[in-house]
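In the order they appear, the protein sequences are chains A and B.
First residue of the first sequence: 1, per the working numbering; consecutive thereafter.
First residue of the second sequence: 1, per the working numbering; consecutive thereafter.
Just so you know, these hints were derived from the structure itself, not from any lab.
Treat each hint with caution, since some may be false.
Unchecked claim - Below, a list of computed lysine-lysine pairs in the DSS-like style, where the Cα atoms sit at most 27 Å apart: (1) B/107 x A/338; (2) B/107 x A/250; (3) B/32 x B/107; (4) B/208 x B/107; (5) A/338 x A/250.
All of these numbers come straight from a predicted model, not from anything done at the bench.
Residue strings, one per chain:
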Amino acid sequence: MPAKGSTVEANDSEEPTGLAVLGFGEPADEAGPRRIEARLSGSDRFYRALASTGAGITLLIIVLIGVFLLLEALPAFRAAGFGFLTTQRWDPDSAPPEFGVAAMMFGTAVTAVVAMLATVPLALATALFINEYAPRVLRATLTSLVDLMAAIPSLVFALWGLFFLVPWLQPIEGWLVAQLGGTLPFMRAIATGSSLFNAGLVIALMAIPITTSIIREVLSQAPRHECEGALALGGTRWGMITTVILPFGKTGIIGGSMLGLGRALGETIAATLILNIRFEIKPQILETGGITVASGIAVEFFDAQELGLSALMAAGLSLFLVTIVINLVAAVVVERAKAAG
Amino acid sequence: MTTQESEAPVTGQPVGGTLRGVGVSAWFGARKVLEGVDIDMRAGVVTALIGPSGCGKSTFLRILNRMHELVPIATLGGSVLLDGDDIYGTALPITEVRRRIGMVFQKPNPFPAMTIGDNVMAGLRLTGRKTANREQLIEESLRRAGLWNEVRNRLGAPAGGLSGGQQQRLCIARSLAVRPDVLLMDEPCSALDPTSTRRIEETILELKDQLTIVIVTHNMQQAQRVSEHCAFFLAAEDEPGRVVEQGETEHIFGSPEDPRTADYVNGRFG
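One chain only, chain A, in its complex shape:
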């Protein structure tokens, strides 16, 4: 799809010659900049069309998802009004209907924050270990291991979390609650285990491999001659990492973390299995209960009546919008970081 009115334009009226000709030769009769034209070859035009079509289809799908969700969600928005954002309960098919995303959004935010707090340091440390500290013979193996982990279905992580990690954490969390619950309100809990915190940790398990993989790949591109410069000044390996590798890779670290966050926001099966689903805002993050948007949709879907379905679409649309906003913010952050050097 050639952009009409742009300064570079394909001249379709001429026979393709197989050469792209840039018209720099003609003398300009005015001092101002001249118009630059280019005759594109047939293959150039073909591949441009191919790439444009692909990009167009992708954008179209995203727009269609948004439009579909919006249309389906409209009845629910009409029924709930502004309360959709503030209501914790989820009874769309009762009379009168009472439902909102407040509890789900809260749970999604808590699990995402917990997941990212666990994912980013672990992924960064793993990436640095593989690239800079691991014995050379192990590097290739570790790299493929991490990439392989990124391909494991999330259900497997969720089951491991449910039957191994969460029971194993139970005594530690019980101790923490006993020690800190008295002074820190969010550490209080009557029962631990199926909590938002644990769901966040299991989601972190799924986000770590992909985040590690991307960060490691980006950091491995750090210019070697700058690394050698740092070492040649008498720097330690850690000095080289903080002076050259991390400043070089900061945009990649942000980008990789955002992909991990995307996975954390949308993760369904882990939260559904771990959480003892309760539609309520639960600031006590270690206490059993809570709900996320994705797990709420999964749990409520089968029993949903007409307005119930519409309400779930509305919840899905909310998550869709949150994801888009977060990615836009991330894009701005990455651009800023790039501009800063």
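Following the hints, position chain B against chain A.
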């Protein structure tokens, strides 16, 4: 234009360290690239390593401050003594070896996102040392590298905006700021224009009373202009590089004993 800059404070500067390669050999995997190199690099003297491409002179230089081992398949034999201590032993920490034996690379490699001033101070930060007077050290190092007058008003600008020759002199200033005893230079002018090359050569001549300098160069005139001692490396086909001849630079260029040296310094091959 360098007369003011050569008035850099030199009081209390170390005169330099003595570096001695003893029977140095090197391999990349199974391929032997260097064999039995013995060179004395005396304190306060500029030693030039010359020879055609692939003769192992850059490899030898990188062995002198433990850069060689950063290549995954690289190994070496023999020893390198800095004032008598084996740098490949445990007498000195590796970071101390590299601080005392600084290196300027073929391609200028300042840290592009850092400011000019921060680049000069990077070595101190990397070695975890503090300085009482940051401004004074920056000025002194830049003066010694012959860059002060060009950048004195933009020390806060990013180093990436300097020209290639200025970047290379910034790298020299960065190396000097950690007060090395020896400065290794790996074809420091090969990526630079003639004017920048001349500035760097002037810098070398100004520095030579303050520390030991070892320079690898492909440029015969440069070796003659800046060095007092000279070693000629040569590798025959399918054989590792060796030192064919070494001695006073004047002697190597004026009346070499080996016919291969005479052929090379007179431009008949290489």
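Checked hints:
1. B/107 x A/338: holds (24 Å)
2. B/107 x A/250: holds (24 Å)
3. B/32 x B/107: Status holds; Cα separation ~25 Å.
4. B/208 x B/107: holds (22 Å)
5. A/338 x A/250: holds (9 Å)
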